[in-house]
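Asker: Chain A is already provided as a structure; the job is to place chain B on it using the hints.
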Amino acid sequence: MFGLAVAYLRDRALTTLLNVLLLALAVATLAILLLFSSQIGNRFERDAAGVELVVGAKGSPLQLILSSLYQVDAPTGNIPLESLALLRGNRAVAQAIPLALGDQFQGFRIVGTEPAYAELYGAGIAEGRMFADHQEAVIGAEVARATGMGLGQRFVGSHGLSAGGTEHAHAPFMAVGILQPTGTVIDRLVLVDVPSVWDAHGIQHEEEATHDAHEDHADEESHEAHGGQSGMAPEITAVLVKYRSAFGAVSVPGIINRQTDLQAAVPAVETARLLGLLGAGVDGARIFAWLLAATGGLSIFVALLQAANAREGELALLRVMGASRAQLFGTIVIEALLIAVAGCAVGLAVGHGVLALAIGSFDTLREVGISASVLHPGELAIVAAVLGIALLAALIPAARVARTDLAVTLARAR
Amino acid sequence: MRMADGAEAPLVAGPVLEIAFLRHDYGSATVLHDFSFAATRGQHSLLLGPSGSGKTTLINLIAGLLTVQHGTIRIAGETMAGLPGVRDDLRRRRIGIIFQTLRLVEALSVTANLRLAQRLAGRERDDAEIGRLLDEVGLGHRAHARPRALSQGEAQRAAVARALVGRPDLLIADEPTSALDDGNAERIARLLVGTADAHGSTLLIATHDARLKAHIPHALVLAPIVQEVA
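Residue numbers (the working numbering), protein chains in the order written: chain A, 28 to 441; chain B, 6 to 235.
Okay, chain A solo, but in the shape it has when bound:
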């Protein structure tokens, strides 16, 4: 009876197509929401890389986390270099990694930092070596793939965090290493040392400023010591902190927040807040998508009920010719399931396709690391639920067909 079900679907192709499209829209919406919310949650968790505190300029703590940890927003400002020494001087702090932001290369952020930043994400060197001097750069795997850059290649950073800013032609970088892919934010970054960022911006500094701060954190390093001829002090954008013990979580944020120009943001808190905000929107959209799926089910129900009524006579004759009640019941159910299967297949393809287009069109999605090619187990649950809706929609029409009184039905239009 499978062939008969297919023939019936083909016989009213337009209705079938509309029902498939209705379900496909619902499935596509659900798939996009699922892929987006699950990937963004996973991505935030991976990109947090165990960082327990981010110290930066005062402003929105969420913005600080987004800009310094996830590299998707503008920084809140710069902070004095000695804040790094302040943190490294705290016994509760196990690790403090400086970040100096402000430039990009072909849309990929250039991050002035230390080799420990790459270790934070477990990004080993795939080719070449780690940067060891000013103007040397190590590029993330995605940067290498997208730009086609190889070792020894020189490039110039541009001012600003999105493509198209003023080029710092006076301070070109040279790629000395390419990182292994990690599936984290570091894949899309260009890593250089902090002084290289200062050089790019014409900020004069003493050699090994951040290194000194690291080596001699007890020494309250003079801010003025890094002051350039331009009058701009060498600053950093943020410091990523890991605690030595749980005590750090209690003491360090308080110390930082007492500083007039510093703020401490806890990634776990801010990420939870962000996901909560996103989650409310996602939940709203998800309800809408399920309503769409229910509408699709209702549409299948109406179409099958009408079809069952229209075919009452010929289905009754099929019973006379030997078709069992179960076979006719099955024919209607198969019709509904075929519509649902097609709707799911089209919906998943559209969902992934639309996500791919969106990633191509919106930098933020690409920067957050959303992927359209990843399959989520939850998509199977969506398919199962949509098949369930279709099955439910088919039950009443199928039961009507199966329970037909042959003598009465055949007598009706003899």
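If you are wondering where the hints come from, they were derived from the structure by calculation, not from laboratory data.
Cβ coordinates follow ideal geometry from the N, Cα and C atoms, glycine included.
Hints may be right or wrong, so weigh each one.
[Unchecked claim] Stretches of chain B that chain A covers, calculated by requiring three or more beta carbons in the stretch to come under 8 Å of a beta carbon on chain A:
1) 46-60
2) 101-114
3) 124-135
Answerer: The following block gives chain B in isolation, referenced to the frame of chain A:
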């Protein structure tokens, strides 16, 4: 209901249809009363009578669509009784039915309709036989047409072919010519008799169309039973 015999039909060995003392009531109204009849293989009969005379009830009983209340019906030696599933199985194996409203499956081509009927009758798929049958009824050139593209006469012939594809022992036709003009009625009557003969089926036609008497002399004439008031 009473039965009136028409002309004698030639006897062929092996009864295909045996009806004995059949009685059927709808509530207090008796439609058939002690109805008996037998048709041997290849013996064709008309079931004549006006509306309300019980033709449809008798056909439904023979086809197992209604439950026999009193008496027996045997098809090729098997009793048409028991649960609907048992009756369905006997009908599927032994009986082909053509209704006045042809009820070809609109979504399938003529050939696909015959294939479906072949499979439902429990036969192996045999496209060669389907092709022969369509040629036999003059529809070889319309094998892939949809029913809605057929003329009334072509659709009628397709329905005859579909009824025969299961190689039934008993072929029942319900008012196959009532809506047709003389020419088409003549063609369908010849086709029914010819194909039933060719396939060794026994033909039973329920009709009030007296034109068929010319083709099937043996007739059972049914008349409504007059209910006696006590």
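Asker: Would you mind marking each hint as holding or not holding in the structure?
Answerer: So, going through the hints one by one against the coordinates:
no. : hint    : result
1   : 46-60   : violated (count 0)
2   : 101-114 : holds (count 10)
3   : 124-135 : holds (count 3)
In this structure, the one hint that does not hold is number 1.
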